Amino acid sequence: MMEALSQEQLQLQLRELCGDVFSFSQDNAGMCVAEIPVNQLYQVVSKLYKNDSLGFQFLTDICGIHYPDRKGEELCVAYMLHSLVHKTRLRLKVYVPLSKPELPTLTGIYASANWMERENYDFFGLNFLGHPDLRRILNMDEMVDFPMRKEFPLEDPRREDKADYQFGR
Amino acid sequence: MAEAPPGQSGPGFFATSLDSVVGLARKNSIWPLPFATSCCGIEFMSTMSAHYDLGRFGAERLSFTPRQADLLMVMGTIAKKMGPVLRQVYEQMAEPKWVIAVGACASSGGVFDTYSVLQGIDHIIPVDVYVPGCPPRPEQIIEGILRIQDVIQSEGVRRRDSEEYKQLLDQYLVK
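Chains as they are written, first to last, in my numbering: chain H, 1 to 169; chain P, 1001 to 1175.
FYI, nobody ran anything at the bench for these hints, they're computed from the structure. Mixed in with the good hints, there may be bad ones.
In silico lysine-lysine, BS3-like type, Cα no more than 30 Å apart, as pairs [claimed, not checked]:
#	chain 1	residue 1	chain 2	residue 2
1	H	162	P	1081
2	H	100	P	1080
3	P	1166	H	150
4	H	71	H	93
Treat the numbers as computed from the prediction; the structure is a model and nothing was measured.
Sequences and hints are given; from them, build the entire structure.
Structural data, given as structure tokens:
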């Protein structure tokens, strides 16, 4: 069993493999976080998957985030990659504008991306170009909104049982 | 023994209205369909078992097909995605049929005021009795059954043929 990669070794290997496309940071748990431009996403992940010494062959999660204040890059997508050989995780982040939330699908690399990309389409309206079957997966098909976007009201405005007058306010 | 409805009695006969006799028969032999999706369903299990024993009210025969049921008991959170399923179950029940919404979720959405949860089943189907509580105790569910018995007793035999009833179903888009 190989030793777990240190942050520095991992960053070095990533730079060697893909060039200077990453801007690195770290989260509180010490996990390596790298932001990359969206047009580099497919090539980078493809290299990380195919490279034998890194072996990021497990896509654990795809996670959408909405930052309404980041003008021009309101939607963030975080890809959680796991290397089973190195016991190492890597979080790749890409940003896309709300006006054109398009990014390439990773279904050609990871079969598990199919489900997760549909989920992110369902909740954030992210358009994964090239996805074989991009339609809603958890919410009802008739839904027109993307409920995890911040502009979506948290509570149903038609509900009256929680109104102030019910409590004498 | 159920109490006899008001009427005229003499040696060897008893005269009363057909409505009250039919109501008496219906209310004391309800076949409920439990549509239990969460913790209210657990309370209902307790209601059905020996300690509380819903059988005392003539409703011990649960029907697990809507086609044989008189009373739809919706107990638990109904997701919006499940709404059409609930309506279909209601449509499959034969007339006359009644509905109880048991618990805060079935009645109003409860604490789940969110995008995925139906904010009360009365958006989908007409409801006769609401039982509040989160979850309601078995005593409250029994109280709901007693109130639905009042509804059933006081319902005329021709109500389901009336234009008003048809309009009510149309309003809920129930076939």
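Status of the hints after comparison with the structure:
As the CA atoms of residue 162 of chain H and residue 1081 of chain P are separated by approximately 24 Å, the hinted pair is consistent with the 30 Å bound. This hinted pair checks out: residue 100 of chain H and residue 1080 of chain P have alpha carbons roughly 29 Å apart, not beyond 30 Å. Between residue 1166 of chain P and residue 150 of chain H, the direct Cα distance comes to roughly 42 Å. Violation of the 30 Å bound is thereby established for this hinted pair. The hinted pair formed by residue 71 of chain H and residue 93 of chain H meets the criterion: a straight-line CA distance of about 17 Å does not exceed 30 Å.
Checked against the numbered hints given earlier, this structure breaks only hint 3.
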